[in-house]
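Number of protein chains: 4
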Amino acid sequence: MRNTFGNHITLTLFGESHGPEIGCVLDGLPPGLHVNEERIAAQLALRRPVGSISTARVEQDRFRIVSGVYQGRTTGTPLCILIPNTEARSEDYVNIKTTPRPGHADYTGYVKYRGFADPRGGGHFSGRLTAALAAAGAIALGALRSRGVSIGTHIARLAGIADRPFDHLGEDVARLGSLPFAVLDEAAGEKMRAAIEAAARDGDSVGGSLETAVLGLPAGLGEPWFDTVEGLLSHALFSIPAVKAVEFGDGFALAEMKGSQTNDPFRMENGRVITASNHNGGVNGGLTNGMPLLFRTAVKPTPSIGLPQQTVDLSTAENVELTLNGRHDPCIVHRARVVQDSLTALVLLDLLSGERL
Amino acid sequence: MRNTFGNHITLTLFGESHGPEIGCVLDGLPPGLHVNEERIAAQLALRRPVGSISTARVEQDRFRIVSGVYQGRTTGTPLCILIPNTEARSEDYVNIKTTPRPGHADYTGYVKYRGFADPRGGGHFSGRLTAALAAAGAIALGALRSRGVSIGTHIARLAGIADRPFDHLGEDVARLGSLPFAVLDEAAGEKMRAAIEAAARDGDSVGGSLETAVLGLPAGLGEPWFDTVEGLLSHALFSIPAVKAVEFGDGFALAEMKGSQTNDPFRMENGRVITASNHNGGVNGGLTNGMPLLFRTAVKPTPSIGLPQQTVDLSTAENVELTLNGRHDPCIVHRARVVQDSLTALVLLDLLSGERL
Amino acid sequence: MRNTFGNHITLTLFGESHGPEIGCVLDGLPPGLHVNEERIAAQLALRRPVGSISTARVEQDRFRIVSGVYQGRTTGTPLCILIPNTEARSEDYVNIKTTPRPGHADYTGYVKYRGFADPRGGGHFSGRLTAALAAAGAIALGALRSRGVSIGTHIARLAGIADRPFDHLGEDVARLGSLPFAVLDEAAGEKMRAAIEAAARDGDSVGGSLETAVLGLPAGLGEPWFDTVEGLLSHALFSIPAVKAVEFGDGFALAEMKGSQTNDPFRMENGRVITASNHNGGVNGGLTNGMPLLFRTAVKPTPSIGLPQQTVDLSTAENVELTLNGRHDPCIVHRARVVQDSLTALVLLDLLSGERL
Amino acid sequence: MRNTFGNHITLTLFGESHGPEIGCVLDGLPPGLHVNEERIAAQLALRRPVGSISTARVEQDRFRIVSGVYQGRTTGTPLCILIPNTEARSEDYVNIKTTPRPGHADYTGYVKYRGFADPRGGGHFSGRLTAALAAAGAIALGALRSRGVSIGTHIARLAGIADRPFDHLGEDVARLGSLPFAVLDEAAGEKMRAAIEAAARDGDSVGGSLETAVLGLPAGLGEPWFDTVEGLLSHALFSIPAVKAVEFGDGFALAEMKGSQTNDPFRMENGRVITASNHNGGVNGGLTNGMPLLFRTAVKPTPSIGLPQQTVDLSTAENVELTLNGRHDPCIVHRARVVQDSLTALVLLDLLSGERL
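Heads up: the sequence lines are chains A, B, C and D, in that order. Per this note's numbering: the first sequence = residues 1 to 357. Per this note's numbering: the second sequence = residues 1 to 357. Per this note's numbering: the third sequence = residues 1 to 357. Per this note's numbering: the fourth sequence = residues 1 to 357.
Incorrect hints may appear among the rest.
Unchecked claim - With a Cα cut of at most 20 Å, we get these calculated DMTMM-like pairs of lysine to aspartate or glutamate: (1) C:Lys258 - D:Asp172; (2) D:Lys258 - C:Asp204; (3) D:Lys191 - C:Glu256; (4) D:Lys258 - C:Glu190; (5) C:Lys97 - C:Glu256; (6) C:Lys258 - D:Glu256.
Unchecked claim - Chain D is nowhere near these chain A residues, computed Cβ spacing over 12 Å in every case: (7) Asp27; (8) Arg48; (9) Glu87; (10) Glu171; (11) Ala188; (12) Ala194; (13) Glu197; (14) Gly220; (15) Glu318; (16) Asn325.
Stated by the list, open to error - Residues from chain B that keep clear of chain A, each with C-beta distances beyond 10 Å, as calculated: (17) Arg48; (18) Ser52; (19) Arg57; (20) Arg147; (21) Glu190; (22) Ala276; (23) Ser315.
Treat the hints as calculated values from the structure; they're not laboratory data. The C-beta atom is built at its ideal place from N, Cα and C for all residues, glycine as well.
Throw the hints in and build the complete structure from the sequences for me.
Here is the structure:
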């Protein structure tokens with residue numbers, strides 16, 4: 001199904017970095033949901049580049065909803081969001097069609113689409129398309145909020161600097177949504193931003209990891225085989241440009257422990273089944289168990305860097321050196337956070353929508 | 001789509017641990033493919049428990065192919081494989097319906113299926129169903145082999161003991177397929193088996209991580225959004241019971257590096273585009289780049305342990321202590337290897353089948 | 001998705017006419033549904049050939065449910081039904097692989113599967129597979145009955161002889177389920193059976209049409225585009241071997257009328273919206289309107305006839321004459337009725353399962 | 001999958017009759033296909049209302065392709081087409097939200113979307129959306145043409161007046177594409193237009209049937225179960241507003257014939273397998289057999305009529321009389337022809353795209 005995701009709530013993504021508009025179609029939403037355009041604008045603002053730690057291409061993201069909303073509420077029919085591209089400078093990308101940027105999709109896209117893909121700014125592979133994901137995500141986040149589900153993501157690590165872990169989950173998650181640079185420990189955030197600026201000065205880039213907590217999910221979401229909560233979420237999360245790893249609960253650390261340590265004991269608490277610990281990140285056997293859902297992604301350093309790089313010229317089959325002229329993000333971890341929240345919301349809303357009452 | 005996976009080649013899985021038979025339907029295979037029943041039997045044998053490091057329940061896995069094969073070749077119509085269960089001892093599981101085992105799907109399955117699921121031996125959630133995956137995987141591995149694609153998985157870590165990394169990829173991958181305990185360094189393998197036996201003596205269990213290499217893939221497989229190679233593979237891999245994390249290439253380590261280090265430079269080699277390093281594990285922008293595909297999963301310690309555990313009685317809503325009587329695997333990392341190979345083969349065959357020539 | 005149908009309740013069909021077993025996997029059923037094996041057996045009995053008006057191959061259809069049912073109720077996990085083939089006489093079909101039977105799938109299947117399909121008795125294309133559809137349909141019919149939905153199909157026409165139309169819908173539908181030869185006017189049924197016997201004596205075959213009524217559906221089922229009730233039902237109904245046409249409500253007759261005649265006026269009746277007439281067969285704009293759903297299919301004469309026929313020899317590329325030796329149905333309209341009920345039930349249960357409460 | 005159709009080439013449709021824009025996303029197209037905007041404009045022009053036999057709402061259909069095309073060719077990534085609505089007069093529809101028009105989707109849409117759907121002009125159910133289908137269809141028709149497949153549809157009957165049947169298939173099909181009122185016998189066309197004008201004068205409407213021929217298809221397209229050519233086409237064709245029946249080959253007439261008449265004999269002709277007759281409309285066992293694909297749809301009279309009608313007021317639960325003020329089509333058969341061509345092209349391109357070479 002290519003550029004469409006979801007079983008009950010489906011998202012179809014379209015557009016190119018330097019085309020006239022990007023957008024998405026969100027189908028399967030229940031009718032009658034309030035669509036808060038200010039919240040969508042706020043989500044897009046959070047994703048937008050900020051000052052010295054981001055690219056200089058700043059789009060205003062003046063989105064339009066052209067279908068599926070009537071008198072401020074969802075109709076239940078497909079909702080299409082369009083976002084114009086206004087700040088593209090295609091002249092910065094003239095040479096990447098035949099001299100692919102290392103670490104980017106230029107070469108693989110060239111092969112897949114036999115040289116016909118729009119190469120400007122990465123075309124359809126561009127992180128620019130995540131603006132449409134963020135807009136759709138804002139709607140999904142709103143729908144989840146009205147069902148008592150909240151999602152928060154912080155920058156767990158960046159350039160080797162660690163944020164403090166979640167400890168007061170409820171408060172932590174509540175705070176994160178509106179932060180432009182989502183850390184729990186602002187002192188760590190300072191150091192992270194300094195590291196980004198330092199990398200930018202060097203013409204280089206840095207990566208990090210993002211940790212998400214989801215509160216308020218019922219137990220029993222997911223399927224035993226294939227459509228596990230972990231499988232569905234990871235499937236979506238690997239669409240965040242630069243994400244190369246996903247772990248749930250204690251993730252790779254679980255591999256080093258004993259079963260007597262990793263089995264989260266069940267207990268009754270106020271007439272409700274809980275687990276006394278949460279090494280499994282709220283998932284047992286691929287299904288939610290009602291505890292906080294916890295996972296982390298690894299975001300590699302942005303592949304667009306200013307330093308000269310070795311590549312090939314596909315038109316001459318020769319090795320060449322490439323120096324990029326475009327406007328680059330020295331780090332996208334803080335911006336990827338918004339996309340992680342958005343995709344998480346879309347996957348969970350899809351799962352909740354598939355539940356029979 | 002619940003218990004079905006794949007776009008072009010689809011796998012539908014059915015059965016319960018203590019039901020009469022488990023099985024799967026594999027649809028979309030090209031007609032005319034040789035079906036080698038000995039290779040299927042060999043794959044099932046690799047997955048079967050071995051001696052002191054595994055459960056005492058040993059099924060003979062006398063599989064039958066009841067459709068989709070005629071005169072030793074695939075017909076192109078759905079291929080159904082059935083495997084009888086003969087060694088189930090349901091009396092070992094009488095109490096888990098209402099006293100869920102920590103770390104297992106007993107509680108989440110109870111909620112999802114409102115108490116109607118077959119609780120014996122984990123029912124439909126049981127690792128027993130991976131026998132059907134392994135049988136289907138043997139067919140997919142054969143189909144890939146005939147296209148020049150080979151897959152190898154080794155136990156990268158187990159109970160804190162590390163195998164040596166892949167270094168002679170071609171030879172390493174070729175050797176792994178037939179090993180009952182898949183390590184590259186047999187001395188490390190000895191220590192791992194000793195650690196499993198020690199855990200078994202303690203009534204405890206251990207975990208580890210599995211590393212897979214795939215050779216011979218063309219560039220350009222995957223889709224830019226959602227159906228990335230990483231997204232599709234991780235979606236499937238989280239169906240391996242106990243897998244809690246997936247990372248591609250250098251995975252979480254990439255988060256600590258600089259872009260100038262993680263960007264794999266392109267070079268021409270014998271008229272072919274290669275990358276000089278492979279930090280990205282053979283994937284750029286979600287598509288294969290023609291280099292070896294590399295990834296690792298984290299396998300948590302088996303949740304079935306002999307030690308007493310804390311849980312709840314769902315029928316009385318009280319906290320209780322649970323001691324399991326069944327036959328358990330003190331480690332499933334070595335058995336999960338076969339399932340990882342199988343699911344990887346199914347996902348890649350599906351991707352290759354979707355390509356237009 | 002090839003041999004799988006349905007969005008929420010999915011059916012996957014497998015097997016060949018002369019293979020060891022045929023069967024299906026039914027996934028997505030709600031947990032806790034009573035599975036009445038007697039009703040399944042009764043549905044299979046209705047589909048079985050009867051006396052002089054059907055083929056002499058009579059299978060006992062000793063089905064087994066090997067998964068998805070525990071203690072007489074659905075578990076919510078995939079339900080697999082297997083039915084052995086015991087009466088196949090493959091020697092009757094030795095020559096059809098290269099001399100395709102006119103009107104059958106022998107030639108098209110040969111091309112599609114490049115000569116690798118199992119040709120015996122039509123292989124995977126055989127009407128034999130509808131036994132598995134009938135078994136799955138019996139479960140779906142039971143699930144609908146418990147929601148107050150009932151389905152009835154009668155032989156509206158056969159060999160030019162007309163049954164009386166539905167007039168007392170409730171009573172008519174209730175009677176039809178258990179009739180081995182489903183007509184509302186038994187005198188018409190006598191004539192139809194005589195026509196079948198006459199065709200059989202001539203080595204020829206006859207066709208007819210089947211009319212279905214569904215009572216008790218809520219308004220609002222279906223989607224405005226593509227997944228209309230009419231689109232989904234017709235998609236499934238064309239899988240009944242020999243069905244070549246589907247019409248809803250007055251169907252082709254609507255094309256000859258005026259809008260003032262075909263628009264069914266809305267009226268209030270006992271606080272409920274009804275339509276005063278039902279030319280549209282219970283569907284407006286692709287969605288159910290709460291009135292009886294009505295449709296008809298055309299079933300062509302069975303292509304297997306005893307008379308000599310002109311065909312080609314694919315191995316020599318020459319025109320040849322073919323005389324079939326197998327056991328044939330001189331008419332399948334009365335047997336197709338069971339399959340029409342079954343597919344209708346599966347499609348409607350799927351639609352109902354997709355509704356949010 | 002609601003408003004999405006297709007397995008390999010998928011079409012997602014969005015928009016409302018009186019919203020700012022309607023459109024569609026077409027995904028899965030091969031890269032490098034020429035996109036001829038004039039042909040799209042021509043297809044849209046054919047669908048537009050004409051003079052006295054159509055509605056007075058005439059949209060200019062100034063479409064924009066905002067993604068998936070670069071330098072005049074498809075990129076292989078999703079192609080989004082947008083068409084603005086400029087001529088909507090919403091004041092004509094003020095009362096239909098609570099007093100549903102008989103024969104329309106107003107009532108069923110009201111129930112399905114719980115009163116939240118956009119009621120103006122039928123909202124998402126409106127025939128207006130078929131403009132987006134026609135634009136997508138123009139692209140699919142072009143792709144088929146370049147593969148040697150041609151499609152032609154004529155008005156077989158209208159208000160009881162018959163066009164002459166296809167007799168010189170190749171020439172007939174070639175001529176039909178560019179005709180604004182697609183008949184083979186222009187004298188019959190005259191009478192049909194007079195009948196439409198007469199119905200318009202009476203405030204009434206008329207229906208008809210459309211017959212399609214497809215030439216140049218290879219044998220072997222389709223699947224034996226569920227995704228038969230007939231099943232897929234009918235599924236799509238019932239999305240044409242007002243279509244209530246679909247028949248292939250001789251359709252309902254087959255039900256009255258004998259097997260010896262309906263079995264199309266195979267013959268060799270110039271080294272190619274053909275059938276001597278084509279009662280089965282180019283389909284055997286659900287798969288194309290290489291002969292012309294032939295089918296007919298029944299198009300009911302437009303439900304929007306000027307005469308007073310009986311309906312209910314949903315807000316008061318009372319019976320009321322309704323007189324429509326909007327601009328209506330007294331017949332949509334001639335306009336539906338373009339949509340039938342378009343959907344046929346999309347389904348067949350999808351089937352061809354799924355074939356392995």
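How the hints compare with the structure:
no. : hint                : result
1   : C:Lys258 - D:Asp172 : violated (29 Å)
2   : D:Lys258 - C:Asp204 : holds (7 Å)
3   : D:Lys191 - C:Glu256 : holds (15 Å)
4   : D:Lys258 - C:Glu190 : holds (19 Å)
5   : C:Lys97 - C:Glu256  : violated (45 Å)
6   : C:Lys258 - D:Glu256 : violated (27 Å)
7   : Asp27               : violated (5 Å)
8   : Arg48               : holds (21 Å)
9   : Glu87               : holds (17 Å)
10  : Glu171              : holds (35 Å)
11  : Ala188              : holds (39 Å)
12  : Ala194              : holds (38 Å)
13  : Glu197              : holds (35 Å)
14  : Gly220              : holds (24 Å)
15  : Glu318              : holds (25 Å)
16  : Asn325              : holds (21 Å)
17  : Arg48               : holds (20 Å)
18  : Ser52               : holds (17 Å)
19  : Arg57               : holds (18 Å)
20  : Arg147              : holds (17 Å)
21  : Glu190              : holds (19 Å)
22  : Ala276              : violated (7 Å)
23  : Ser315              : holds (12 Å)
Checked against the numbered hints given earlier, the structure breaks hints 1, 5, 6, 7, 22 and satisfies all the rest.
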